[in-house]
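Given next are the chains, with one letter for each unit.
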Amino acid sequence: MKNTKKSLWLIAPLLLAGLLIAADHIDAPAVEGGSSDITDFYVFQAADPDNLVFTVNVQGLLSPTATGMATFDEQTLIEFNIDNNGDNVEDLVIQAIPRDGTMYFFGPISPMETGLNSTIMTEAASGAVTITPYGSSAITASNDGMSFFAGPRDDPFFMDFAKYSDIIMGNATGFDNPGTDTFAGTNVMSVVVEVPKSMLGESGSINTWVESKTKQ
Amino acid sequence: MKNNLFSIFTLLLCLSILLTSCSNDDDNNDYMMPAEPDFSGSYTQMDQMGRPAVNTVFVSSDAKDMFNVTTPSDQQSEFQSMFESNLTALSPAYANPGDMNALGQDAAAFTGLLATDVLNVSLEGTTTFYDGTNILTGRNLSDDVITVELLLIFGGEDFTENPSLSDDHVDANDKDFLTSFPYLAAPW
Numbered sequence: 000m001k002n003t004k005k006s007l008w009l010i011a012p013l014l015l016a017g018l019l020i021a022a023d024h025i026d027a028p029a030v031e032g033g034s035s036d037i038t039d040f041y042v043f044q045a046a047d048p049d050n051l052v053f054t055v056n057v058q059g060l061l062s063p064t065a066t067g068m069a070t071f072d073e074q075t076l077i078e079f080n081i082d083n084n085g086d087n088v089e090d091l092v093i094q095a096i097p098r099d100g101t102m103y104f105f106g107p108i109s110p111m112e113t114g115l116n117s118t119i120m121t122e123a124a125s126g127a128v129t130i131t132p133y134g135s136s137a138i139t140a141s142n143d144g145m146s147f148f149a150g151p152r153d154d155p156f157f158m159d160f161a162k163y164s165d166i167i168m169g170n171a172t173g174f175d176n177p178g179t180d181t182f183a184g185t186n187v188m189s190v191v192v193e194v195p196k197s198m199l200g201e202s203g204s205i206n207t208w209v210e211s212k213t214k215q
Numbered sequence: 000m001k002n003n004l005f006s007i008f009t010l011l012l013c014l015s016i017l018l019t020s021c022s023n024d025d026d027n028n029d030y031m032m033p034a035e036p037d038f039s040g041s042y043t044q045m046d047q048m049g050r051p052a053v054n055t056v057f058v059s060s061d062a063k064d065m066f067n068v069t070t071p072s073d074q075q076s077e078f079q080s081m082f083e084s085n086l087t088a089l090s091p092a093y094a095n096p097g098d099m100n101a102l103g104q105d106a107a108a109f110t111g112l113l114a115t116d117v118l119n120v121s122l123e124g125t126t127t128f129y130d131g132t133n134i135l136t137g138r139n140l141s142d143d144v145i146t147v148e149l150l151l152i153f154g155g156e157d158f159t160e161n162p163s164l165s166d167d168h169v170d171a172n173d174k175d176f177l178t179s180f181p182y183l184a185a186p187w
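Residue numbers (numbering that gives the first Met the number 0), protein chains in the order written: chain U, 0 to 215; chain P, 0 to 187.
Keep in mind that the hints were calculated from the coordinates and are not lab data. Check each hint, because a few of them may be wrong.
[Claimed, not checked] Simulated restraints on C-beta separations:
1. U:P28 / P:T178: 38 to 44 Å
2. U:A65 / P:A171: 23 to 29 Å
3. P:S84 / U:A161: 23 to 29 Å
4. P:P96 / U:T113: 38 to 44 Å
5. P:D157 / U:P177: 20 to 26 Å
6. P:A94 / U:G134: 48 to 54 Å
7. U:D99 / P:A108: 31 to 37 Å
8. U:K214 / P:G103: 24 to 30 Å
9. U:A65 / P:T178: 26 to 32 Å
10. P:D170 / U:N116: 39 to 45 Å
11. P:D105 / U:A65: 43 to 49 Å
12. U:G144 / P:L177: 32 to 38 Å
13. P:P96 / U:D49: 45 to 51 Å
[As the list claims (entries may be wrong)] If you only want the chain P side, here are some residues facing chain U, beta carbon under 8 Å, derived:
14. S41
15. D46
16. Q47
17. V68
18. P71
19. L102
20. G103
21. D116
22. N119
23. L122
24. Y129
25. T136
26. I145
27. V169
Remember, it's a predicted structure, so these values are computed and weren't measured experimentally. Glycine is no exception: its CB is placed at the ideal position from the N, C-alpha and C atoms.
In isolation and in its complexed conformation, chain P is listed as follows (with noise of 0.2 Å):
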């Protein structure tokens, strides 16, 4: 009995996560619409995200959701040293003293300028996350963020460290984007 109930509680489980992708407006159809849309009301954080992957990679599966809550200027003090657990846990490249990124950073430097999940854009040239010269001055759609992201977590001093593990050899998107406005490729 106990393993039909476990069996019911996940077999919703899995319904609720197939189904939670289907969002459904229905409940707006059956009145009419005022002449000028409503937008009163108080709105309440969900989610947010500055940096690709961050909470992806180096929040704690417990504390996903509460770091989606808190204010960038507060996530620094609340999370640096579960990011610099996790980093250390994860790759051999910050395993000795002195260990740093070809950034020059070691694994308490590097989660300090993670932790405060936001995106450093310059208003003054180049956008890119990395192109080999410039680092964290925007994103573009093409940037190989991952890679970027894979190299300083195992690449080591020089990127060197870890070859099978600094790459996922996956450079480009699957379709080209375009030279203006709204830039992103037409869907599939």
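Next up, chain U with everything else stripped away, as it sits in the complex (with noise of 0.2 Å):
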């Protein structure tokens, strides 16, 4: 009875854990669940062909009655990398932080410094938007030929990841056929930033990833 009882407890965590993991949702111990849990990322030709639409999502799996207590947590800065002459090194980054139910852009500039550290780069402001609260319909902001978008919003990432965990600890064969979507009905805080190319490179492509950082 007793070592039943521990196994569950054991247990326990390891289920939920292993419930929430995906596209990058909770992807590591030093971040699970938190405020810098980066649950995915998107970049994309936007409408205007011109430009591209940089996406990035946190704080995943918010059921609808946890979306209108989440936020976006001001010592967490977001920043967008990108390499435009191939060498996997950051030439540029546009970087976002919240201050007072407002998040803060900067950027496309190239950074004081590359790598695991950042400072804000305040010399290059390019907009700012008030956070969408939850509940209301999006609210956005245009500057210079760029958009921004902060709040909360359907998770887009879809996949049997139930399924997907039971075949990894062998509790399965295979996927079902029609499979369910272990994201559907579930939300995550969304930033969204539409850039003209001509602010990125000259042609080709560019490589891109996303960082969150602490401040310290």
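Got two chains here, separate frames each, mind docking them using the hints?
So, in structure tokens, the structure goes:
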């Protein structure tokens, strides 16, 4: 009996974590479930083909009831990184950080330093947008060819993650058809920036990634 | 006694996992905000992401935090061999010498591509993770990236191997995306 109890307590957090890991949702112990946990990253051509859209989502698997309480963390800097000469080192960054209900944006600009530590490039302020409250329609802002949004959105990610976990743990031999979207009905906190391609590089392709960084 | 301590520890672990999702900003409420926001200070990396699911699938459990603080230009040398071991352990599609994916990559070449975890984006036209023609030119909201990755992991040279593992049969989001900014659907 005691052993059963012990194993239940052992298994409970594993089950919970196992259910929630996905695209990058809760990918690693140091960030899982916290305000710096990146769940997903998208870069695509905008409705205006001269522009690209950068999207990052944080704080995954918010239920509708939890979404109204979710906030961006003022200690967490979101940084989109752009390498436009093929060495996988950032040549440009776009930074976003919240202050008192507004998301502030900086760049694209060459950062003071590359790598794991950043300072906010205040001389390159590019715009700001009121963070959309849960239940309101999307508040957007535009400045100098760029557009900005920050707030709760439906999680655009879709996958039968529960069945994938079963397969990895040896409890299933394959996916179901049709599968079940583990992320259906859940929300994330999103930051979306639309940028003219001319601000990012000359031609060809760029390498991009997104980082979350916390204030020291 | 030891068992009790153990239970308390695991209970705390459960609670901490449940509670870390509630970010708390209350500390900022009891002083006046300055007229100009304060953006000073140094910010240090916690998490990063390029392509979807890479850290989750290819990085071993005890290295996931390290992967998140390894700059992309160092990831190839530090993680490619781990990626290759985990890929061949996971998928029978790379079991035999000469086995490749539908991009013509063997396990070393495929993990060599993935280990540098950046999202390649075209500045000149179609952006998609894979649309049947274009590959790795961006990531659209509607791209079925998981099925693409499952096909490249399990599907073999022509996407026909291990059919029960190479498609999760969830092909689209549960809400329609918007055709204009901010593109993502309103929350539930």
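Right, here's what the structure says about each hint:
1. A beta carbon spacing of about 39 Å between P28 of chain U and T178 of chain P agrees with the range 38 to 44 Å that was offered as a hint.
2. Range check, A65 of chain U to A171 of chain P: about 24 Å between beta-carbon atoms, so the 23 to 29 Å window is met.
3. Taking the beta carbon of each, S84 of chain P and A161 of chain U are about 26 Å apart, inside 23 to 29 Å as hinted.
4. As the Cβ distance of P96 of chain P to T113 of chain U is approximately 40 Å, the hint placing it in 38 to 44 Å holds.
5. For the hinted restraint 20 to 26 Å between D157 of chain P and P177 of chain U, the CB-CB distance of approximately 24 Å keeps it satisfied.
6. Distance hint check for A94 of chain P and G134 of chain U: the Cβ-Cβ separation is about 52 Å, which falls inside the suggested range of 48 to 54 Å.
7. Between D99 of chain U and A108 of chain P the beta carbons are some 49 Å apart, a value that contradicts the proposed interval 31 to 37 Å.
8. For the pair K214 of chain U and G103 of chain P, the supplied restraint of 24 to 30 Å is violated, since their beta-carbon distance comes to about 46 Å.
9. The beta-carbon spacing between A65 of chain U and T178 of chain P, approximately 29 Å, falls within the hinted interval of 26 to 32 Å.
10. Our hint of 39 to 45 Å for D170 of chain P and N116 of chain U holds, since their Cβ atoms are close to 41 Å apart.
11. Range check, D105 of chain P to A65 of chain U: Cβ separation about 44 Å, and the 43 to 49 Å hint holds.
12. Distance hint check for G144 of chain U and L177 of chain P: the Cβ-Cβ separation is about 20 Å, which falls outside the suggested range of 32 to 38 Å.
13. Distance hint check: the CB atoms of P96 of chain P and D49 of chain U are about 48 Å apart, consistent with the given range 45 to 51 Å.
14. At about 5 Å, the closest approach between the beta carbon of S41 of chain P and any beta carbon in chain U falls short of 8 Å, and the interface hint on this residue holds.
15. Look at D46 of chain P: its Cβ gets to within about 4 Å of chain U, closer than 8 Å, so that hint holds up.
16. Proximity of Q47 of chain P to chain U holds as hinted, the smallest CB-CB distance being about 4 Å (cut-off 8 Å).
17. For V68 of chain P, the shortest C-beta to C-beta distance to chain U is roughly 6 Å, which falls under 8 Å, so the interface hint holds.
18. The beta carbon of P71 of chain P is positioned within 8 Å of a beta carbon in chain U (closest approach about 4 Å), and the interface hint is therefore held.
19. Given hint, L102 of chain P at the interface with chain U, is violated; its Cβ is 17 Å from that chain's nearest Cβ, farther than 8 Å.
20. A least Cβ separation of about 20 Å between G103 of chain P and chain U goes past the 8 Å threshold, and the interface hint is therefore violated.
21. For the restraint placing D116 of chain P at the interface with chain U, the shortest Cβ-Cβ distance is roughly 7 Å, inside the 8 Å limit, so the hint holds.
22. Because the closest C-beta pair between N119 of chain P and chain U is about 6 Å apart, less than 8 Å, the hint holds.
23. This hint holds: L122 of chain P has a C-beta 5 Å from the nearest C-beta of chain U, less than the 8 Å allowed.
24. Because the closest C-beta pair between Y129 of chain P and chain U is about 13 Å apart, greater than 8 Å, the hint is violated.
25. With 8 Å as the threshold, the beta carbon of T136 of chain P comes within range of chain U, its nearest partner Cβ sitting at about 7 Å, so the hint holds.
26. The interface hint given for I145 of chain P holds, since its Cβ lies 4 Å from the closest Cβ of chain U, which is under the 8 Å cut-off.
27. With 8 Å as the threshold, the beta carbon of V169 of chain P comes within range of chain U, its nearest partner Cβ sitting at about 4 Å, so the hint holds.
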